[in-house]
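This is what each chain is made of:
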Amino acid sequence: MIQRLLLWADDRFGTGTFVHHALKKAFPDHWSFMLGEINMYAFIILLATGTFLALWFVPGHATVVYEGPYALLRGDKMSEAYDSVLHICFMVNAGLLIRQIHHWAADIFVAGIVVHMGRIFFTGAFRNPRELNWIIGVLLLFAAMFEGFTGYSMPDDLLSGMGLRIAVSILQSVPFIGTWATFFLIGGVWPTEILIERLFITHVFIMPALITLGITVHLMILWRQKHTQFPGPRRTEENVVGAPLFPLYTFKSLALQFGVIAMCVALGAFVQINPVWLWGPYQTWKAISPAQPDWYIGWLEGALRIGPRWAIHFPGHMIPSPFWPGFLLPLVIMIGLFAYPWVEKFITKDYRQHHLLNRPREVPVRTGAGVAFFVFMLGLFLAGSDDVQAAYTHLPLNDLVWFYRFFCLLGPFAAFWITYAIASDLKKKGGTHRAERVRLKRKPEGGYEEEPVA
Amino acid sequence: MNTARDRAIAASLLLSIIGSVGFMVAYAKQMSTQWEGFALACVFAGFMLAALGWSRWIIPHEKVVDLRDTYPQPLEERAGMVDWWEHGVANVTRRTWLTRMLYAALGVFGIAALFPVGSLGPEPDDALFHTRWKRGDRLQRADGSLVKAGDLNEEAAVTVFPEGSIGDSQSMAILVKLPDGLVKDAPQGYIVYSKMCTHAGCPVALYRSIDHRLVCPCHQSAFDVTNNASVVSGPADHPLPRLPIEIASDGYLRATGDFPEPVGPGFWEHS
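Read top to bottom, the protein sequences are chains A and B. Counting in the numbering used here, the first sequence runs from 875 upward without gaps. Counting in the numbering used here, the second sequence runs from 184 upward without gaps.
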């Protein structure tokens, strides 16, 4: 069947040679190369489940009285948006399942991007000629975080409303343009009647389109430049050694795809996530405590909590303190991630093209810097739940705030030093290349001979 | 030949089939999220195991070697590209003044295309500088009832709005009844602050009577109610604005004006 389709296509478009090479395309054999695919498959799950949810969700601000089956909210006033989410949860067959799969897939999507980026960073895969794909990857990371934030902000429950309010306050804190940007983006003074519609179109059209475009370009560049690979027998800068796309890699990748789907479905079935009916509808004067965002916004929440109380006053103007941790810090981090390939080139003066990867130990400075950055982000992330930690440990909250301030300032240096020491030590001991695998063959006349295995 | 491996793959596919049938049954009978999800997870877990088995045991582990294209491409092709581009550009820009005119037209259009951005929202104007509170407004709770002197016990705190504006975010305020005399100019101990946190706009929803602190649940800014809501701890950088009130002759608490400063988080035009 498919073979006839391939022949049909070749008759009309002359695609035979391309498909031939595509089917035989080499995919390097290392588990870490499959991390990026997790994100692609999570994104496919998000598109499928998101389409289902969009068929039911009402992006409306108008007030309705809840008359559904959830007794604790019956008779309460709420927005059409929140009402429709409750409808999805309690009335649409498999609605809650799909919603929870969607939410879990989103969390896995962002997590997968972070882990994939870690792989790219620590093995030096971002080096010439792959700088553009690194940039697209960083853009995709921030796009995915923003997409996730708009997604969990739409249901108009109390928790999401608080998160949105904080995000709007951060935008409002930007010097010169903050107030105007806020009024234009949300359409007036918080809370506006147009906001849910704008979140909706951002979440279901603008961002998915941009992310799809980003992934497409990302993969086209990957296809054109071919994969990187770890050094090993027969592997050089001029070739790629691996499993052919069809059939071996196709089945490996399918196994991963079904695994990711099965994981998301099982999580959606058994592990409750964001039970919006418990939070109640958003009302401006209400709040819940403790309140934590989805994991990938946790570092921003932590930054806001331990950020310095620096308000700068000018005659008739001010820069409020949320600007530094809420806007400037993420901006600096994003620019730093963009710039990293060029920073490394500038420092090492290595402008050559690289298709063979480093093991993390081979470049202790880079590895140390990467671990230091992760420790910094971990500190911010943990600070985002300092109130919960204070409640459990009975430590004074302000002590925890100061602990995380020191953690974020000093921890990265310690992490760099330790990582650098370990990596240098491993590097000295050798083992930077995998031992060549050989097959021992017994000779008819006695004795053995070695035969290299690729 | 039926090896144990073949049977394992067959069992995986059987798991998938059972899962699909189970999902159809669970869906048709509108069973719980857990059953529907469990069946669906079995479908995909079965597919996963089958594909895994196939790739490990059925399909031979061939290796292929792709040669990379080298970049940049051969010099003569690159030179050809550059030549043809320069040739084309030279042909287009034969009239210098027309080229400049074209750039000017594109630039002006670029500016014109930005104008519709202005329709996205209203201008901020002075919207952040005032709320709906005005002289004479009574204090209304979220349930609609009006606050009279003597309604609140000592150390009680309640959310209030200007009469008729329940839910208005800019105007939301918190009324605290302190022990009489603790704050000099608080009539009978009643004192009102904006409920919008000056850090990131969350409602300052927690009142701790033991040390008269208002605490924001979002980032734990704490404000001292007895000292003009000055910041005691946390990331907030200025006090909560205080609403001037009086106890009118009819016994109702009434505002004597709007908040003296903008409420909520800081912004560029805030001084």
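Be aware that a few hints might be false.
Below, in silico cross-link-like pairs of lysine-lysine (DSSO-like), each with a Cα-Cα straight-line distance of 30 Å or less [stated by the list, open to error]:
1) B:K246 x A:K1317
2) B:K246 x A:K1315
3) B:K331 x A:K951
4) B:K317 x A:K1160
5) B:K317 x A:K951
6) A:K898 x B:K331
So the derived list for chain B, only partly shown, Cβ under 7 Å to chain A, looks like this [to be verified]:
7) F230
8) L250
9) A388
10) S392
Keep in mind that the hints were calculated from the coordinates and are not lab data. Remember, it's a predicted structure, so these values are computed and weren't measured experimentally. Quick reminder that beta carbons are idealized off the backbone N, C-alpha and C, glycines included.
Hint check results:
no., hint, verdict
1, B:K246 x A:K1317, "26 Å, holds"
2, B:K246 x A:K1315, "21 Å, holds"
3, B:K331 x A:K951, "27 Å, holds"
4, B:K317 x A:K1160, "23 Å, holds"
5, B:K317 x A:K951, "28 Å, holds"
6, A:K898 x B:K331, "82 Å, violated"
7, F230, "4 Å, holds"
8, L250, "5 Å, holds"
9, A388, "4 Å, holds"
10, S392, "17 Å, violated"
The structure is inconsistent with the numbered hints 6, 10, although it conforms to all the rest.
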